[in-house]
Amino acid sequence: AAATAADENQYSDDATWILTSAFIIFTMQSGFGLLESGTVSPKNEVNIMVKNASDVLYGGLAYWMFGYAFSFGESPWSNAFCGLGQFFYTYAFSFGESPWSNAFCGLGQFFVDAEEAKMGWVFSKFFFQMSFATTATTIVSGAMAERTKLQAYMAFCVLNTLVFCFPSHWAWDSKGWLNKLGYVDVGGAGPVHLLGGVCSLVATLILGPRHGRWDRDEAPPMGSPTNALLGMFMLWWGWLGFNCGSTFGITGGKWKLAARSAVSTITASMGGGIVAVVLSYVTKNQKFDISYLINGILGALVGVTGICALAHPWEGLVIGAVGSFLSCVGTEMMVKLRIDDPVGCFPVHGLCSVWAILAVGIFGHVDALEGISRYDGLLKGGGFYLLGVQALGAVTFISWACAMSFILLKGIDKIIGLRVSLEEELIGADICEHGVGSIDDNSPPEFNEATGK
Amino acid sequence: AAATAADENQYSDDATWILTSAFIIFTMQSGFGLLESGTVSPKNEVNIMVKNASDVLYGGLAYWMFGYAFSFGESPWSNAFCGLGQFFYTYAFSFGESPWSNAFCGLGQFFVDAEEAKMGWVFSKFFFQMSFATTATTIVSGAMAERTKLQAYMAFCVLNTLVFCFPSHWAWDSKGWLNKLGYVDVGGAGPVHLLGGVCSLVATLILGPRHGRWDRDEAPPMGSPTNALLGMFMLWWGWLGFNCGSTFGITGGKWKLAARSAVSTITASMGGGIVAVVLSYVTKNQKFDISYLINGILGALVGVTGICALAHPWEGLVIGAVGSFLSCVGTEMMVKLRIDDPVGCFPVHGLCSVWAILAVGIFGHVDALEGISRYDGLLKGGGFYLLGVQALGAVTFISWACAMSFILLKGIDKIIGLRVSLEEELIGADICEHGVGSIDDNSPPEFNEATGK
Amino acid sequence: AAATAADENQYSDDATWILTSAFIIFTMQSGFGLLESGTVSPKNEVNIMVKNASDVLYGGLAYWMFGYAFSFGESPWSNAFCGLGQFFYTYAFSFGESPWSNAFCGLGQFFVDAEEAKMGWVFSKFFFQMSFATTATTIVSGAMAERTKLQAYMAFCVLNTLVFCFPSHWAWDSKGWLNKLGYVDVGGAGPVHLLGGVCSLVATLILGPRHGRWDRDEAPPMGSPTNALLGMFMLWWGWLGFNCGSTFGITGGKWKLAARSAVSTITASMGGGIVAVVLSYVTKNQKFDISYLINGILGALVGVTGICALAHPWEGLVIGAVGSFLSCVGTEMMVKLRIDDPVGCFPVHGLCSVWAILAVGIFGHVDALEGISRYDGLLKGGGFYLLGVQALGAVTFISWACAMSFILLKGIDKIIGLRVSLEEELIGADICEHGVGSIDDNSPPEFNEATGK
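Protein chains in written order, with my numbering: chain A, 123 to 575; chain B, 123 to 575; chain C, 123 to 575.
Chain A extracted, bound-state conformation:
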């Protein structure tokens, strides 16, 4: 707590980097919103943007209320399973500055807050972690697109924080049990993408396919491929902030790791994009499929997220190429299995993040600069230990996400109801939930049939 001037200076430089990175990460919300909005049919393009806003509104609130407490709270009671500090943080009692503060303390204790001496670091870390938490929720919105009640989705945003906050404690907090075993996950392949991806799969299985989706094999046309591509571009550059910010500062050797993150992230996207283009050209009758390109690049970016600060450029390229392959082939598999995931959330975030976690066990190495990894991976002569720990992490995250999201979504389904009525689905959420858009432009012919009766 009693920091020297040098410490203060270091904190200041690191906090600035973290804040700047978090600003960039928040722009990814625009990217996810636009990508999903451009991918779904026009009758739902506004609704999905609102859902992306809900991620920040409700998910952010929940993360502030209890998410951060469970993830990084510091107290005598915080343990290997969850943090417990900020959750019972006694700011209001100890440092309350107003005569009214007592009236709020019953509430205030549960909210992240900090006195001035500590607030720079607490708030920077909280703000950065919140940008991660809301991203994890945003991922799921795509899988639930075009058929989920907005109220139900809002409830999910709050509750999904419970899914996210415990695994981030295990992986990232110094007391977390996976962290103690040596688990490495620089940019959140596990706590962000794998959780998001598995929740997406569970959600789409519970919801069932969109009406008429499996009447034919090919995906419904994108509402606005241009918007989808612009969204992809935004995510691409945002990912640089995501992965580089994950070094959590620039002092000491952290700036070197951030620079390596930037390069491995961009080479991964190059490897991924090129694999996607080739795959599409070969399998899609010499066409360059937009979904392949988008899912390939994003899958590659997910793939490198776990190891970014440790990966050499060529390793990034290879990891990205494999991620893209998994993402594109996985999307086709979902169609074969008749699982309707409108924007490919599970293949992109779920499959590729398993690869991302395992890739650390394969390509990772002892980090002499900041101790990001304490073990060598398989290819660096470390044997199977790190790979085993990473695999254990992946299995844990998958199990946790399956169980938790199943319970939460079933609960929401019981209480609020997850799925809109068939009529509302055919008309589209833009008209039904927001009163915007016109029926004539957007609705498919079957709409008249459904409502005409």
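Note that these hints are calculated values from the structure, not bench results. Every clue listed holds true.
It does not matter which identical chain is meant; a pair holds if it fits inside one copy or across any two.
In silico DSSO-like cross-links for lysine-lysine, where the CA-CA straight-line distance does not exceed 27 Å:
| hint | residue 1 | residue 2 |
| --- | --- | --- |
| 1 | LYS536 | LYS409 |
| 2 | LYS458 | LYS532 |
| 3 | LYS240 | LYS297 |
| 4 | LYS406 | LYS536 |
| 5 | LYS532 | LYS409 |
| 6 | LYS406 | LYS458 |
| 7 | LYS247 | LYS302 |
| 8 | LYS409 | LYS458 |
Here the structure is a predicted model, which means the values were calculated and not measured.
Got chain A sorted already, so can you dock chains B and C onto it with the hints?
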């Protein structure tokens, strides 16, 4: 002037933060443009983007020529009412480096410039303040949408700098009279948003409603709700740079205040968004109105702008919630009062900024880190002094903005004419002023009537 | 190599600035994509976004494989003509950490990589330079729009790196021959914009005009002026990162130069935008042409790119105004000359960058802070030496770009074929290459004619 190495280092770190923040703030121009473009009818969506570009072109030029001089100019003549230094800045005489510089000095004196030893700080501060100044003008473009001549708007961009630059001197310059009284306004609730909001009201009253606007109560449909929401997203993240950059650096305690700004800004938006969603659900027949969401989030962000670096997270939440309420209810009031403000500039920026200014007097407290506030607010045991000063500031800004914008807009109306002809309004500015877009797609049925005669 | 703690600290601060700038520069890819997508006809709007993604994918890969090596490679063999170091960088041999690394070294030697002690600086510089390299390629995509095969364009992205990487060695590497003569080019007017502009001209001449383009004088209508303007906005703010990042750090006097870059860049855009508005008003029948506005602002930004860190604000304004004039008049000249450059790449990037390079010779001056320029320009009493060196640079770049791009594009034309068939051109690349969009919405009436036979 003769700075030590330590000073230089501090300036360098702070200037870098200010520059980076200003880069982010400039992206808000994209956000305002897109938000307004998506909100107006399609026949004016290009024109409003051009108006947003004009804000930077003409407003920026004016701010460079005389705005900064009146705001922050340093000279023996600068006083409590206005700065006067850079306006008569003798760069060209004193430091001219070329044989030609004399030919330009009659001009050069009025332009912001600096010799190399001082330029780092002067240019950073100027660039940051310019990003604020152009934002203040941009706000008004929405209120004048769909019926204002582009030439008239361009003239307004230049002249509106006169409205902005004096209040920013009063509030922010160390010689400003409000500043001396202890007025606190971290992110520009007064000089940016209140001025912009009041000018908006005056402008829309002088212009009168859009043709046929009050034939029915409900607002005309948004041209592109997706674009409007994307614009809102861009403003959301841009606001983080706006409020965090307002600490004007990261050295000393400033990085801690910046971190608190980030958190209180995001909690404010959460409070605001949730209030807007609930309000819409309750009052709009269980629909989630897009305007409510946008105006609620933006109103909340305006609401926290004045106090951001001093507000605890939960205070941000409360302040944002109130801001959102004022914004949404204010928008309905404008409809009741038959004042046509196409994108809700007055309720969002005008009403909420009054709240923002008063909120400092309620929740503010003495700032031990950087002296941002020298007084405690009402709830922190400081009594009514700070609240009184803040209220005085608000009243002053409102009076100034009313008087100045009335004079300027009436003057422009006399000389250039503010409003386009009825025929041009019905056809739309995209075709009339830019020759883009087609008549068939965009014009309402009444167009044929109006031109067919 | 053995850096002291102070050096390390300086590297760290500078690298952070470079990385942050590079993040901003990459957002310009979104801007270019959207600007081009909004300018071309709707039947090609998706395809041009994919081409902009290809710039990063293929151009980035090539820059990593051999581009950086030729530009900045350090080795006993690097010379005045090209760098040769990283190209034969012996990372894999010397520092390989895994038992497998030998298997990759035949490959690895050609890829940019670095050991941990050096990687912070190498990767930051590489990442920044890559953002420049991919921008240079992106410029050309606009000139080739609406009639170029995607496969051919992808091949061009790889090969165009050869055009870019040598001139950037001449201009920027300490061993480069132009650099040794005193050539000054802060933000890459020559190696980025002039090369891009000249390649654009060569490409459009080889490709020939779009079918039916010269049946009438006026340009085909923009597909989405709103998107084009949003793209312009994105480029505008991205350019700030581009020019400010070009100081390559913030330590020493670099932060002062960065601040001056920010101001001169924004004043240039103001001068350019206003000239474009006036030109359009005067010559276009009192209309405010969107292309004029876009090309004027971008031309102004190109114009100030070479001198940004050295230009006083008013010099920026003047340089931008001239750039805008060249850009707008140049666009009209292209029409007169019946050269079909769909988004005006040559006038904006080619003509204005010649002006940008010469402007350094006119307005430039000895830089006491960081030695950016060692000579004074014409107006600063330095006589014609600097202007002569700059002119030599411009002539060299033009000759090089003409010769290289002619050879590369003719080669691609021979092997892959540059131009799509007439039928594909009439249908549009969105359907033909990506299978998105519908024929009815987009195709001109002549389509039925062409395919009906």
